[in-house]
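Trainee: Chain by chain, the residues run as shown.
Number of protein chains: 2
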Amino acid sequence: MNKRIATVIAAGLLSASTFSLAETPQNVILIIGDGMDDQQISIARNYLVGSQGRLTLDAMPVRSTAQVLTVDNDDPNKPVYVADSANSATSLATGVITSRGRIATTAKTDQSITTIIEMAQQAGLKTGIVSTASVTDATPASFIAHIDKRFCEDPSMMIDGLMHGRFPIECESYTKANGRSGSISEQLAASNVDVILGGGMQHFDIAAEASDKTVLQQAVDNGFNIVTSVAELENANNDSKLLGLFSPSTMPTLMRGENGRIAEAPEKSVMNHIYKYLGEITPPPVMICEDNPKFASMPTMKQMTDAAISHLDSNQGFFLMIESASIDKASHGRNACGSIGEVQQLNAALDSALAYAETSPNTLIIVTADHGQAAQMIPEVSLFSNAAYGGLPAATPGLIARIKTPEGSIMGVNYATNESFAEEHTGVNVPVFANIVGQDVIAPMITQPDIFTITANHLGLK
Amino acid sequence: MNKRIATVIAAGLLSASTFSLAETPQNVILIIGDGMDDQQISIARNYLVGSQGRLTLDAMPVRSTAQVLTVDNDDPNKPVYVADSANSATSLATGVITSRGRIATTAKTDQSITTIIEMAQQAGLKTGIVSTASVTDATPASFIAHIDKRFCEDPSMMIDGLMHGRFPIECESYTKANGRSGSISEQLAASNVDVILGGGMQHFDIAAEASDKTVLQQAVDNGFNIVTSVAELENANNDSKLLGLFSPSTMPTLMRGENGRIAEAPEKSVMNHIYKYLGEITPPPVMICEDNPKFASMPTMKQMTDAAISHLDSNQGFFLMIESASIDKASHGRNACGSIGEVQQLNAALDSALAYAETSPNTLIIVTADHGQAAQMIPEVSLFSNAAYGGLPAATPGLIARIKTPEGSIMGVNYATNESFAEEHTGVNVPVFANIVGQDVIAPMITQPDIFTITANHLGLK
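As given, the protein sequences belong to chains A and B, one line each in that order. Position 185 (the first sequence) corresponds to 185 in full-length UniProt numbering; numbering is contiguous. Position 445 (the second sequence) corresponds to 445 in full-length UniProt numbering; numbering is contiguous.
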């Protein structure tokens with residue numbers, strides 16, 4: 001049979017079988033690899049499955065790319081070319097392009113924007129959030145809360161707070177005293193999200209604004225069952241709302257560099273300091289990635305995903321956002337092995353989501369990133385040297401992790417966007433993957449706000 | 001009507017109409033943006049059509065990604081994570097993974113590998129090459145020639161040649177005197193490719209090995225009509241083989257930085273030199289991109305593409321490779337505007353290819369890159385500063401071009417992979433685009449050797 005005809009017939013059969021399943025609920029699982037651009041995926045692939053291997057996400061049947069769009073806060077008609085996780089998550093959660101740092105509020109005019117979770121709740125669907133960051137961090141927060149500054153995470157930040165411990169930020173106008181909804185943790189505690197799992201206990205185990213209770217106690221009063229360990233998570237019943245907080249802030253990464261090492265500067269000889277084309281440059285020693293001992297007591301992203309899906313599975317349909325946060329956070333900190341372990345976690349969580357979709361075939365699974373990140377794979381032997389004569393390393397002006405992969409080669413991961421304490425994001429468009437349910441609704445190139453629209457359409461919310 | 005059923009019916013109609021066109025020839029146009037990873041495309045998009053705009057390649061109906069695969073020359077079982085243009089073009093041209101620097105020869109064992117152009121010629125199809133590099137450069141060469149070192153470009157390099165004017169390379173064993181085929185330009189001059197257009201006159205207007213003729217004269221003797229200007233190109237008849245050489249080496253780029261500027265180092269205050277968290281860092285002044293005066297007399301990539309297609313169009317079918325070389329070369333030289341102009345040229349050449357495919361609908365058009373490149377879009381105001389307090393620039397340890405785009409914002413393009421005279425490639429997987437003809441034959445993720453297989457299958461060569 002002609003291959004094209006066979007494809008058409010197969011598509012017809014698939015349609016027919018889908019119709020018989022029309023009674024199964026419409027669900028969306030949105031998996032966000034924070035900072036998971038194609039460099040991060042390629043780096044993780046080389047380490048986890050080898051350069052010719054395929055990650056689960058590589059094998060997804062639908063592939064697209066998303067334009068990451070940001071605007072200036074003073075002039076929202078003016079584009080800004082590099083996003084942060086707050087404005088990009090706001091695009092994904094609300095369909096509205098905003099300015100950096102904003103949690104589901106509009107640029108300049110500072111209006112709250114209804115999120116996909118709020119819309120889903122309104123329509124009687126179940127909702128959930130899983131993150132390896134603090135659940136008050138920008139990505140999860142943008143699906144639930146509304147505030148103009150992502151760093152207003154808990155009541156302690158609301159008066160005279162310092163971002164990164166150094167830059168003053170103004171959160172006070174968002175306090176309940178000023179007629180607003182208070183800090184992000186307070187907004188989460190007051191929410192009706194069915195399941196929230198991740199890190200960030202320090203933002204809840206703290207006195208709430210103008211209250212003799214902690215934010216955590218407020219969450220309990222609002223009907224949340226609190227779990228803080230793997231055992232409690234696995235034994236939690238599905239009858240009440242669930243808030244799982246497994247670490248004070250960001251959850252530790254699954255993997256780390258050998259003995260905790262991160263990317264390091266090449267060592268330059270005296271002659272090379274005098275003139276850059278002279279003298280020797282010695283790259284840092286090779287390392288392997290190893291299990292991060294701090295991760296030991298943590299639930300995996302897959303365990304949190306399984307628990308969340310079990311909590312949300314019903315005839316009502318659900319929206320679940322799952323974030324692998326430390327692809328980004330580890331890249332800011334030049335910790336290539338940390339990012340690799342987070343891609344591994346995302347991949348395992350995706351396996352769970354795909355297995356669930358086998359049993360609930362109207363489940364649309366979308367995997368994407370919120371923005372690009374600094375890490376770049378660069379040559380172990382410079383292209384501008386001659387291996388036959390010894391081969392010079394690529395003399396990065398930044399910091400490099402030289403990682404020996406299980407397949408026995410050395411992979412150089414370069415970080416060189418900012419000499420200061422952390423690396424920057426990049427402005428590249430980001431990959432989008434989907435299961436077969438996304439086939440007819442995700443074009444080869446979309447924008448981040450389109451992901452909101454696709455999600456809302458699938459859930460029947462528009 | 002149900003949307004899915006409508007899609008199936010539409011696909012059926014499309015199939016039917018395709019069958020009636022089964023008599024039109026099977027052609028492949030492979031467009032390679034050298035170094036055109038997603039960063040390069042995003043940078044060019046922002047400048048050329050704005051952050052919310054779409055390039056022609058963004059709008060292609062089929063999108064995939066390709067794993068870039070390289071092996072070690074001493075141990076071909078060992079992966080190398082960053083390719084050069086020679087080994088990646090060899091993957092595309094032959095389906096065989098090889099080591100860096102090799103032009104259609106096997107790693108370690110140094111055997112010639114039959115290229116798609118040689119297979120097409122054997123089957124009676126027409127063949128062509130267009131490049132904005134010297135036609136002897138790695139990408140075009142890998143489709144026609146066979147030699148283990150890409151820098152053996154002409155007879156002058158064959159004895160005591162120096163790569164980049166500094167590293168000795170051994171080409172002598174490939175001389176005709178040693179029973180081989182000689183330098184790359186000599187192999188091109190001896191070929192039966194129907195049309196070869198690009199730069200590189202200096203590699204032809206030079207004494208051939210052991211001959212009183214130049215390589216160019218040898219090409220004429222072999223039946224090539226030589227053209228060297230736009231007028232000659234447009235007036236060339238299609239009856240004989242055509243060799244167009246429009247510049248001594250790489251063709252100048254369409255665009256350049258303001259007054260020829262490229263990326264520059266931020267200026268650091270004395271205090272900042274003492275300790276990196278102190279004192280001021282002043283980023284280089286903003287620039288615009290401008291027309292490159294050196295480009296004025298050059299044919300555009302679109303003009304070369306039109307001429308090549310006109311030369312190749314027949315009932316026999318053809319294979320045409322078109323390379324936008326200086327996305328890569330300008331990025332090696334930290335010239336962001338140069339790369340942007342080359343993406344613009346590629347996009348315009350793609351417009352021509354798509355217009356041709358309208359009239360010859362069995363034409364498969366694939367656009368891809370050979371490897372990643374150094375350029376990264378980084379924030380104009382660091383993520384780790386506070387715009388409300390003035391906003392610090394991202395303090396790159398590398399070099400940065402701050403480009404004012406036509407939509408009025410500033411885009412930072414960072415280069416920081418090697419402090420030496422040129423930037424490095426990166427190991428990221430690269431985008432793949434195709435017209436609708438590629439819909440059923442290009443999976444969401446492929447390898448570079450798969451592109452050879454897809455091409456060969458479409459041309460009926462397997």
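Incorrect hints may have been included.
[To be verified] Some, not all, of what chain B presents toward chain A, calculated at C-beta under 7 angstroms:
(1) R63
(2) P79
(3) Y81
(4) G165
(5) P379
(6) G391
(7) A394
(8) A395
(9) N418
(10) S420
(11) E424
(12) N429
(13) M445
(14) P449
[Said to hold, decoys possible] Here are a few chain A residues that sit away from chain B, every Cβ distance over 10 angstroms (derived from the structure):
(15) T24
(16) S64
(17) E209
(18) V230
(19) E232
Since the hints were derived computationally from the structure, they do not count as laboratory data. Note that this is a predicted model, so its numbers are computed, not measured. C-beta atoms are modelled at their ideal positions from N, C-alpha and C, and glycine is treated no differently.
Trainee: Please go over all the hints and tell whether each is borne out by the structure.
Mentor: Tested hints:
Satisfaction of the interface hint for B:R63 is found here, the shortest Cβ-Cβ separation to chain A being roughly 4 angstroms, below the 7 angstroms cut-off. Interface restraint check: B:P79 against chain A, minimum CB-CB distance 4 angstroms, threshold 7 angstroms, status holds. Residue-level restraint check for B:Y81 holds (minimum Cβ-Cβ distance to chain A is 5 angstroms; threshold 7 angstroms). At a threshold of 7 angstroms, the smallest CB-CB gap from B:G165 to chain A is about 11 angstroms, leaving the interface hint violated.
At a threshold of 7 angstroms, the smallest CB-CB gap from B:P379 to chain A is about 4 angstroms, leaving the interface hint in force. Hint on B:G391 is violated. Least Cβ distance to chain A is approximately 10 angstroms, over the 7 angstroms limit. At about 5 angstroms, the closest approach between the beta carbon of B:A394 and any beta carbon in chain A falls short of 7 angstroms, and the interface hint on this residue holds. Given the 7 angstroms rule on beta carbons, the hint for B:A395 holds: about 5 angstroms separates it from the nearest Cβ of chain A.
Given hint, B:N418 at the interface with chain A, holds; its Cβ is 5 angstroms from that chain's nearest Cβ, closer than 7 angstroms. Of the supplied interface hints, the one on B:S420 holds, with its beta-carbon coming within about 5 angstroms of a beta-carbon of chain A, less than 7 angstroms. For the restraint placing B:E424 at the interface with chain A, the shortest Cβ-Cβ distance is roughly 5 angstroms, inside the 7 angstroms limit, so the hint holds. The beta carbon of B:N429 is positioned within 7 angstroms of a beta carbon in chain A (closest approach about 5 angstroms), and the interface hint is therefore held.
Because the closest C-beta pair between B:M445 and chain A is about 5 angstroms apart, less than 7 angstroms, the hint holds. Against a cut-off of 7 angstroms between C-beta atoms, the interface hint on B:P449 is violated, since the closest Cβ of chain A lies about 10 angstroms away. The beta carbon of A:T24 sits about 16 angstroms from the closest Cβ of chain B, which is more than 10 angstroms, so the claim that it is off the interface holds. Separation of A:S64 from chain B is inadequate, the least Cβ-Cβ distance of about 6 angstroms not exceeding the 10 angstroms criterion.
Here A:E209 stays apart from chain B, with its beta-carbon at least about 23 angstroms from theirs, past the 10 angstroms limit. No beta-carbon of chain B comes within 10 angstroms of the beta-carbon of A:V230; the shortest separation is about 33 angstroms. Listed as a non-interface residue, A:E232 keeps its Cβ farther than 10 angstroms from every Cβ of chain B; the least gap is roughly 35 angstroms.
Violated hints, in rising order: 4, 6, 14 and 16; the structure is consistent with all others.
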